[in-house]
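J.: For reference, the chains in residue letters:
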Amino acid sequence: MYRYDEFDERFVRERVAQFRHQVERRLDGSLSDDEFKPLRLKNGLYLQLHAYMLRVAIPYGTLNARQLRQLAHIATRFDKGYAHFTTRQNLQYNWPKLKDVPEILDLLADVEMHCIQTSGNCIRNVTSDQFAGVAKDEVEDPRPTGELIRQWSSLHPEFAWLPRKFKIAVTGAEHDRAAIKVHDIGLRVLRHAETGEVGYEVIVGGGLGRTPMIGKVIRDFLPKGELLAYLEAVMRVYNAEGRRDNKYKARVKILVHETGPEEFIRRVEAEYAQLNGPTINAPEDEVERIAAYFAPPPYEALPEDSAILDAARRADPALDRFVEQNGFAHKQPGYVALTVSLKPIGGVPGDMSDAQMLAFADIAERWSFDELRVTHSQNLVLPHVRQDDVPAVFAALQAAGLATANAGLVTDIIACPGLDYCALATARSIPIAQGIARTFADEARQREIGPLPIKISGCINACGHHHVGAIGILGLEKAGVENYQITVGGDATENAALGERLGPGIDAEDVPGAIEAIVDVYLKERQSGEVFIETVRRAGLEPFKAGFQAFIASDEGARTLAAEPAQ
Amino acid sequence: MADVKAAAKAKGPKLPVILIANDLLDGDVVFFGAQGWTRDPRAAKVAFDAETAAFMEAEGRAGFVANIVVDPYLVPVEIDAAGFPVASHYREAMRQKGPSIHPDMGKQADYPLGA
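Quick note, the sequences are listed as chains A and B, same order.
Plus 150 on top of the position in the first sequence (first one is 1) and you've got my numbering.
Plus 394 on top of the position in the second sequence (first one is 1) and you've got my numbering.
Take these hints with a grain of salt, some might be off.
What the hints assert, rightly or not - Listed below are the simulated PhoX-like cross-link pairs for lysine-lysine, each with C-alpha atoms no more than 25 Å apart in a straight line:
{"id": "1", "chain 1": "A", "residue 1": "K374", "chain 2": "A", "residue 2": "K247"}
{"id": "2", "chain 1": "A", "residue 1": "K628", "chain 2": "B", "residue 2": "K408"}
{"id": "3", "chain 1": "A", "residue 1": "K249", "chain 2": "B", "residue 2": "K501"}
{"id": "4", "chain 1": "B", "residue 1": "K408", "chain 2": "A", "residue 2": "K247"}
{"id": "5", "chain 1": "A", "residue 1": "K230", "chain 2": "B", "residue 2": "K501"}
{"id": "6", "chain 1": "A", "residue 1": "K230", "chain 2": "A", "residue 2": "K315"}
{"id": "7", "chain 1": "A", "residue 1": "K247", "chain 2": "A", "residue 2": "K230"}
{"id": "8", "chain 1": "A", "residue 1": "K628", "chain 2": "A", "residue 2": "K674"}
{"id": "9", "chain 1": "A", "residue 1": "K481", "chain 2": "A", "residue 2": "K187"}
FYI, nobody ran anything at the bench for these hints, they're computed from the structure.
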């Protein structure tokens with residue numbers, strides 16, 4: 151893992167001291183609310199419906215046990231004993247008090263963490279593949295690139311006041327688990343088809359929100375050493391030409407769309423040609439220094455398969471099911487990565503109690519080389535577990551209430567905080583997720599349905615990524631009541647696609663039934679081996695629309711009957 | 395939110411109303427009551443006429459200028475059977491109660507009905 155050097159340490163500590171002073175000046179009235187607001191936002195502090203909310207950056211979703219213990223400690227001491235993992239691999243506290251935030255930031259700095267640029271119109275936390283350094287389909291670990299971008303973008307003087315927020319995601323693998331096509335910039339590490347040289351595919355202008363767009367490839371191959379100068383060229387074009395007159399049209403996706411990809415590319419390349427690359431790009435020894443922090447842990451030489459695990463799986467169906475569903479093939483023989491679901495049936499997606507954090511820190515420390523990951527689907531990962539140790543890890547996870555075997559299934563739902571917490575929300579998200587999860591609680595049924603990413607947002611800003619859910623749910627307000635629109639066919643992977651609406655919005659209590667109706671269409675239509683999204687792609691939207699409409703019609707009929715009791 | 399507030403000011407929100415804000419120091423939802431700002435939703439002063447509403451709005455601005463509260467605005471309410479004001483819109487009703495998924499947190503826990 152990356153460790154702060156003296157510069158990083160000083161930079162973060164200075165920033166905490168500045169914020170402490172800013173809070174003092176706000177409280178004594180020498181800073182107005184208008185003056186203070188952008189300052190608190192740049193330090194990740196929001197004001198939500200019931201309280202302040204503090205968002206902690208987890209660069210490229212990697213943590214160690216000491217950090218997780220500190221996060222637990224903060225949850226206990228300054229919050230209500232829990233915290234929430236987000237779709238950008240960050241962590242949010244829902245109840246901090248303004249007067250305590252400087253102290254919280256100091257505690258974070260003690261474990262090399264901060265909240266810098268987790269809000270505001272700047273380059274946000276860089277996200278990545280949760281299986282970085284683990285996946286077999288990986289060209290290169292994307293995290294050194296993520297760390298390089300973190301250092302370059304932190305308080306970059308030119309990009310501190312962009313037209314709007316800016317999100318970058320990096321993957322090093324062929325299969326995209328970081329949703330790079332729906333980020334402002336998505337980077338994919340690849341090998342040049344002819345020379346074998348390592349570089350990046352650069353995608354710009356993806357995004358969700360009220361105007362969802364799939365990003366456009368603006369460079370098929372960027373040599374690795376040229377990354378920062380090229381990013382700087384993209385940022386300069388955006389910073390100069392992105393719209394500042396209308397916040398709803400201010401993201402880079404709108405600029406790329408309105409300019410047209412070809413013209414956008416021309417402008418970026420023209421800017422790039424003028425830049426003095428060597429003064430911007432990181433020196434090779436610095437890139438190597440960063441990469442060294444992400445060297446593989448000291449694995450043991452082990453056979454591919456574990457006889458111990460095989461025997462334990464035969465003896466324990468629950469363990470077998472857990473490994474089958476939550477296990478991810480590791481490139482190192484004898485090891486496995488385990489997804490640890492934060493989606494127990496009826497729970498709050500992404501929430502974790504302080505006690506669970508402490509237990510999980512012990513597990514990661516003991517059995518996963520002191521490393522854990524956060525996924526953009528609000529789960530955690532133990533990246534490097536010896537297969538021989540899996541039975542013991544499973545038992546420890548069970549004891550902590552963290553052994554739900556539903557990774558990627560219909561109950562593994564992404565949900566934004568929604569109107570239960572968020573000041574921007576138009577409807578609740580979490581109770582919808584809980585209702586669906588309870589409806590599909592039966593494990594055999596979930597397994598029969600197979601992979602089905604459901605994503606729920608409580609407003610048009612789409613923090614719950616509903617546009618790219620195989621089933622997407624968007625909560626809105628209609629005539630003073632919460633109302634939910636259902637889309638089908640979205641995909642956040644390398645086959646990125648935006649879902650399409652099935653029909654009119656429905657009431658909250660009808661959502662689980664509507665999802666059942668949609669799932670029934672899939673089970674009826676699917677051909678051998680097809681997962682949900684493949685059936686949608688092959689069969690098209692029509693059968694799903696028909697199933698949804700039929701559900702609405704029968705549901706309305708049932709309601710009319712209920713309203714008119716039998717004579 | 396700025397748009398909502400501007401619209402409310404132009405037309406004046408539907409009466410009766412209460413005045414809601416966040417405490418600057420700890421972020422808690424606060425209500426303007428007979429004795430000044432209170433955390434208890436049941437102690438919110440209810441304005442049944444435009445004059446009282448205007449007075450409360452001015453108190454909100456004063457609280458903001460004095461760095462006691464942030465984001466004060468009037469919220470239309472209905473009076474429930476027990477005589478307490480309940481926000482007409484579900485969003486503001488959520489602020490009066492706390493997260494619906496956590497009955498153990500927020501106002502609903504701190505000021506339980508019947509207590």
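J.: Now, for every hint given, state plainly whether the structure supports it.
T.: Right, here's what the structure says about each hint:
This hinted pair does not check out: K374 (chain A) and K247 (chain A) have alpha carbons roughly 43 Å apart, beyond 25 Å. Distance restraint check for K628 (chain A) and K408 (chain B): the Cα-Cα separation of roughly 19 Å lies within the 25 Å cut-off, and the hinted pair is therefore satisfied. A distance of roughly 20 Å separates the Cα atoms of K249 (chain A) and K501 (chain B); the hinted pair therefore holds under the 25 Å criterion. This hinted pair does not check out: K408 (chain B) and K247 (chain A) have alpha carbons roughly 33 Å apart, beyond 25 Å.
Note on K230 (chain A) and K501 (chain B): the hinted pairing holds, with a Cα-Cα distance of about 14 Å set against a maximum of 25 Å. Under the criterion of a C-alpha separation no larger than 25 Å, the hint pairing K230 (chain A) with K315 (chain A) is inconsistent with the structure, at around 29 Å. Only pairs whose Cα atoms come within 25 Å are accepted, and K247 (chain A) paired with K230 (chain A) is accepted, the gap being roughly 11 Å. With a C-alpha separation of about 33 Å, the suggested pairing of K628 (chain A) with K674 (chain A) is violated against the 25 Å cut-off.
As the CA atoms of K481 (chain A) and K187 (chain A) are separated by approximately 46 Å, the hinted pair breaks the 25 Å bound.
Going through the hint list in order, the structure does not satisfy hints 1, 4, 6, 8 and 9.
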